[in-house]
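*Asks:* Spelled out, the chains give:
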Amino acid sequence: MSWKNIRLVFLREVRDQLRDRRTLFMITILPVLLYPMLGLGIVEMMLTFSEQSRVVVMLNADDLPTSPALLDEAGISKEWFEDGEEETSKLRVLAERTAAADDKEKSPRRPRRGEKTDEELLKVAHQLAEKIERLHGLRPEDVASTNSDPASQSSGDSSSESETNATATSANDTAEAASAEARLTAAQDDIGQQFGTSGFQVLVIIPKGYRAAMEAMQREIQTSSSATTDVDAKTVATQVPPVLVVRNSADDKSMVAFGRVQKALQSWEDAVRKFSFEQAGLPKELQHPARFAWIEVAREEQVAASVWSKMFPALLVIMALTGAFYPAIDLGAGEKERGTMETLLISPAKRVELVLGKFATIMLFSTATALLNLLSMGLTGQQMSAVMSDGMANRVSLDFPGLAPLAWLVILLLPLSALFSALCLALATFARSTKEGQYYLTPLLMVVMGLTMFCLSPAVEMTPLYSVIPVVNVALLLKGLLLNSASSGNLVVYAIPVLISSIGYSMLALWWAIELYNSEDVLFREAEKFDIRMWFQQLLRTKDAVPALPEAGFCFILILMLQFVAMAYMKPDLTNGDPGLTMMRLIVIQQLTMIACPAVFMGMLLTTSLRATFRLRMPSITAMALGVGLAIVAHPLTVELSQFLVEHQVFPELPESARQVMGLMKTGDKPTWLLLLVFAVTPAICEELAFRGFILSGLARGGRLAIAVGISSMMFGIIHMIPQQAFNAALLGLILGLLAIYSRSLFPAMAFHFCNNAIATFHAGEGGTIVADGVFFSRDPDGFLRYEAPLLILCAIAGILMIVHMIKVVIRDQDAKRRGIVPGFREPADREEVVA
Amino acid sequence: MTVSILHQLRVVGSECGDAFVVRFLMAPFVSEPRMIRVQGLFKEFDDPRNGIFRALDNVSFEVRPGEIYGLLGPNGAGKTTCLRILSTVLRPTRGLAEVDGINVVRNPEGVRSRIGFMSCNTGIYDRMTAWEMVEYYGRLYGIPEEKLQARITEIFNVLQMNDIRDRLGGKMSTGMKQKVSIARTIVHDPPVIIFDEPTSGLDVLVARAVLQAVSSLRDQGKCIIFSTHIMREVEKLCNRIGIIHRGKILAEGTLPELADKYQQPDVEELFFDLIQRREEEVRNSGTNSEA
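Line by line, the protein sequences are chains A and B. Take the first sequence: its letter number 746 is residue 746 in the working numbering, and every next letter is one higher. All you need for the working numbering is the position in the second sequence, starting with 1, plus 836.
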């Protein structure tokens, strides 16, 4: 690899991109101009924008107490609002007043076109009020009564409610109740419809005689508090009927208006109470017996930080991808389209050098786009907060985050851009034309957007598991670091896994891009007409002994999809019969139909040799012994590893369903043979047929055995769904794959799988009668069998020795095969081999 | 002459394998050095229709320096596949292909530094000037800077490209683009030059200029492969031709040799005869295998 060539390609591509006006526009001009323009636009909009006032109709407003007064001439008095003038103007209160108030009324508001006059509004309001009253008559639980006589209400709401309720149900037969129900619904619909077209958003109905009731109550409070010695007089008998507020929850406008009215009514209610207490000479504190005061601990820049912590990570991720998107298409598919790909390929520069040069270019643009966007957005925010002296901006300062978070931002941006650049380059290389490139990259954009949205949720916090998920890890870490610089100390711990995993993913993606550059199929793909019938015919006609790579991939996706679809139907019904048995039956069915069947079916349909595909060869005794032996030594290690990971909260707790299965193994009310059949024999056969059989055979076809084993074990992990089990399965999948490749037979892997599951079943059932001696075995407080360090070390040594032996044998065989000294087994026809 | 000796020494230095054997041990048995040697070459592609498509079927030929070998065949005959294998962008399924004694599979980088490749599909960058474009490739070929500048100046003079020196690729006419392509092909002074239908889609004047460039390269002692489906070009340029159809070389030799062998003085008639015969052969074998 020559750095000179990489630099050469890099410089050329950068110059080429900089000469491209479109790219330049997307990457530099757009962010530099877009955010200030957007900011300016928002300021402009805020200047021209005035919220339309909502109409509140208040019926029988005369009956409101005069002191403290809820209303003044303009509507609801501004002292009841937190924001005074501003909120008052957002509500137009139409209070119904009788003759006394009439002369005071100034020139009535002239309605705009399409609006109803005040008289019309009041008329509708009255109709509605009547209907509502009638509705309450229909409804057995009559909460609100407009009865002005306070004495009739003395029994209290709740008791009268239950009484009427009880009498209603006992007196009427069911048919009548049903018709009453229907009438109720009809009346409700009617009211709802009329309310919708009424022209006002909230209707407030002041009950008749409200003021009188209120005054009566105040008097009673006064007397009872003054007559402290008289025990009987201490009860306040007067019931003030409630004020009815009618709203429509389905209508946003109504809800906004309702919120305002409610707030005003609440503060007015407080004032009324205060007034009553004052009148009665009671201490003011009575009104809030439990007082509290709050203190803001976040300084202004931290409040600002919380705004940035939401904006910056999302923007960083999206812009890093967008910045990679366009140059990648141009450098990958564009090069093919222009016919310069071939000239590049016949230059002596190695493919790796070409890819790295292009990758560096894309990464440069990705990073630059993200940083420019952030810079422009940050500066715009600052500028806007300076311009807007009121409104949101004086509550939240939009000052730039500190230097340390910014430094982190840049550090984390690099692996993220690297990942996106490599992925985009690979996909763009795969594409035949720039148009096709866009088709391939759009799903990537959507997936990344989805992940980013997930990270924006305040509930999502960094966990060890998230720290190794691409994109999510960077976004979450950044969010945490920007959110609160003071407590970022414990987040920095995550920086190492985040950085390592991100760099790892970008290396993988880069490796993929290089692979694509080495594949002549990809570089010289001709645009051909896709004919599904022809494709299917070809699929069936050109069968091979073992499945092709896409077939293996499809098998995995099929299994995954089947599992997903079946998820809803696979929930055991725990209410009837024997839940344990039902669950076990479901597990067996799932294994057989969703894992073994697709693989076996595809094997029969798409390959010529089931023996080769499913590795149905007689293994050597050594291989079988290795399978069993490895299962025995692997078990303590996996148990302790997963315990360690759970204790360190790398994985979440097991979900309910998994715990049920575990419980099933533990209870011991099932015979051992049944447990073994369900949990050991079935998975050992079904999963091995699919993963070490069909899928691994297909993957290993290209000759890259290590990658085939790695990918097959990852697939094996994914199929286990629950993160903890998935991790375990993926690890064991590596051993299983190695066993299958080493022995060229499926049976040792089956033996391993069976032993592993059998031991796990045994282990879950309290480990039988093993004595905890504290040296090899011990028991944790739950009675769970645990393994101690000496045993673990022994197991590890034995396991490593066996694995190293297998790897050596595999490498030797591969070497022999490469040199043409093919041993007796010889894998079926390898067409890719070049006889030079 | 000195250049070619130096060149040979460089070959020996870097390639002590095949090159050494071919150049020195086998030298007494070979009358002329063979720049290009293709023997029993097969190339198969996966094809949606027939399972496997055999693009090259046991193709063999040799080309010597100072010679233009014409690969004559209709579209889809396997010309491009064959030339792409020689230029190492495709790997052969079976068989041997050597350039200057270097195996295209074992040392593709070594082969690439010794060939120039130009086809009707090879393009130039839109946002690079003619000079930058040629310079870029010169640097990719690892030519020392001073030597490179001198070489480009020489090429630009010879090809009369000085007036488009600073013009961007996107603003050039087809003829200018083709000149830049030729300049790119020969910037590293390769002993072997491969032209894959270089004139297809060009207007007559440009095509003529390209053909002149090819023949002058031959006169400089280059080993040239020239693929085309146009008889006139073959008659005018090529020392020897191979007629290829459906992946098989049907006839090979100099024009007089071919005329003599097949008793057909007209190349065009000969060409169609051979192709028709091959078509029948394929049809028969197809029915045979199906039966």
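No lab work stands behind these hints, which were simulated from the structure alone. Bear in mind that the values here come from a model prediction, so they are computed numbers and not experimental data. Heads up, some of the hints might be wrong.
Unchecked claim - Think about it this way: if two alpha-carbon atoms lie no more than 20 Å apart in a straight line, the pair counts; the simulated EDC-like pairs of lysine to aspartate or glutamate are:
hint, chain 1, residue 1, chain 2, residue 2
1, A, K435, B, D962
2, A, K543, B, E982
3, A, K543, B, D962
4, B, K1007, A, E220
5, A, K4, B, E982
*Asks:* If a hint holds in the structure, say so; if it doesn't, say that too.
*Replies:* Hint check:
For the proposed pair K435 of chain A and D962 of chain B, the alpha carbon gap of about 18 Å is at most 20 Å, so the pair holds. Distance check on the hinted pair: K543 of chain A and E982 of chain B sit about 58 Å apart at the alpha-carbon level, beyond 20 Å; violated. For the given pair, K543 of chain A sits about 45 Å from D962 of chain B by alpha-carbon distance, which is inconsistent with the 20 Å threshold. Proximity of K1007 of chain B to E220 of chain A is assessed by CA-CA distance (about 97 Å); at most 20 Å being required, the pair is judged violated.
Distance check on the hinted pair: K4 of chain A and E982 of chain B sit about 16 Å apart at the alpha-carbon level, within 20 Å; holds.
In summary, the structure is inconsistent with hints 2, 3, 4 from the numbered list given earlier, while agreeing with the others.
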